[in-house]
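K.L.:
Sequence:
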Amino acid sequence: MSDSGEPKTPAEESQVVEIESKSPEEMTKNSKKRALDLAEDSDNESWLENHRRITKKPTRRNIASDYEKTEEETLKEEEDDDDNDALPLTCSICNQPFLNPVVTKCQHYFCETCGFKHDMENDKCFVCNQPTLGVYDTAMEIKGKITEQREKAKAMVKEVSTMVEKASAMVDDAGGIAEKAVKLVEEVETMVRNAAEMATNAGKMAAEAAEMVQEANATMETAKADMAKAFAVMKTVTWDDV
2 MSDSGEPKTP AEESQVVEIE SKSPEEMTKN SKKRALDLAE DSDNESWLEN HRRITKKPTR
62 RNIASDYEKT EEETLKEEED DDDNDALPLT CSICNQPFLN PVVTKCQHYF CETCGFKHDM
122 ENDKCFVCNQ PTLGVYDTAM EIKGKITEQR EKAKAMVKEV STMVEKASAM VDDAGGIAEK
182 AVKLVEEVET MVRNAAEMAT NAGKMAAEAA EMVQEANATM ETAKADMAKA FAVMKTVTWD
242 DV
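Position one of the sequence shown corresponds to residue 2 (the working numbering), numbered consecutively onward.
No lab work stands behind these hints, which were simulated from the structure alone. The beta carbon of each residue, even a glycine, is placed where N, CA and C say it ideally should be. Misleading hints may appear alongside valid ones.
As the list claims (entries may be wrong) - Think about it this way: if two alpha-carbon atoms lie no more than 27 Å apart in a straight line, the pair counts; the simulated DSSO-like pairs of lysine-lysine are:
#1 Lys155 with Lys106
#2 Lys155 with Lys205
#3 Lys146 with Lys225
#4 Lys146 with Lys118
#5 Lys155 with Lys236
#6 Lys159 with Lys225
#7 Lys236 with Lys181
#8 Lys106 with Lys146
#9 Lys144 with Lys159
#10 Lys106 with Lys167
#11 Lys225 with Lys236
#12 Lys159 with Lys230
#13 Lys184 with Lys167
#14 Lys155 with Lys144
#15 Lys118 with Lys144
#16 Lys144 with Lys106
#17 Lys146 with Lys167
#18 Lys118 with Lys106
#19 Lys205 with Lys184
#20 Lys205 with Lys181
#21 Lys153 with Lys230
#22 Lys236 with Lys153
#23 Lys144 with Lys236
#24 Lys146 with Lys159
#25 Lys225 with Lys205
#26 Lys225 with Lys167
#27 Lys184 with Lys144
#28 Lys153 with Lys225
#29 Lys236 with Lys167
#30 Lys144 with Lys167
#31 Lys236 with Lys159
#32 Lys125 with Lys153
#33 Lys167 with Lys155
Claimed, not checked - Now the in silico label distances, taken between C-beta atoms and shown as ranges:
#34 Ala156 with Ala229: 19 to 27 Å
#35 Lys236 with Asp173: 23 to 31 Å
#36 Asn101 with Ala219: 47 to 55 Å
The whole structure should be built from the sequences, with the hints applied where relevant.
P.N.:
So, in structure tokens, the structure goes:
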């Protein structure tokens with residue numbers, strides 16, 4: 002019977018028997034074990050929280066670092082493009098397109114022949130008058146730019162050739178249409194002369210001929226405009242680089 006007068010359940014009676022059967026030393030040992038378990042659980046929770054904070058912070062830093070790195074790479078690429086655009090395409094001595102370009106220590110560019118010839122007469126740079134020490138290195142960056150310009154020129158020449166071919170084809174078509182129109186007009190005139198009763202049909206044919214002439218004129222004007230565009234593009238091509 003319990004203190005409240007209610008009967009105990011079998012589980013409660015078993016727990017009471019188990020407690021009464023344990024010695025004070027065992028009870029003390031169990032209490033310490035429970036305390037250690039609670040402390041260990043608390044330490045595990047603290048470690049997990051610290052781990053979350055540690056892994057979270059570097060993630061933000063890494064993202065920022067990656068973003069900054071991307072910006073730096075972008076700026077470097079833009080600077081490289083600007084530097085490439087600033088490279089010359091003509092020799093400072095002969096003012097002609099480079100032949101086997103070379104570069105001095107002071108970063109001035111010449112044709113190989115021009116540079117060596119000048120060095121035999123003067124050991125200072127032709128542009129800035131600094132000593133060259135006889136050092137003329139192959140200007141690989143200039144060679145690369147020359148190759149790039151040549152490829153662009155070839156592409157422009159190809160584009161112009163295509164435009165000229167199209168314009169020529171349109172001119173041929175216009176010529177063919179005009180020729181057909183002339184023949185049709187001649188036929189109409191013949192029909193009018195030969196038979197007055199054919200005047201109605203001749204009028205229709207004359208109208209068709211007029212439309213064909215108008216179409217031929219329009220096609221011819223378009224072809225002329227395209228040819229003018231093609232010649233304008235051709236004027237922009239540096240033919241020395243092709």
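K.L.:
Which of the numbered hints are not met once you compare them with the structure shown?
P.N.:
Numbers 1, 2, 3, 7, 10, 17, 25, 27, 30 and 32 - these are the hints that the structure violates, sorted from lowest upward.
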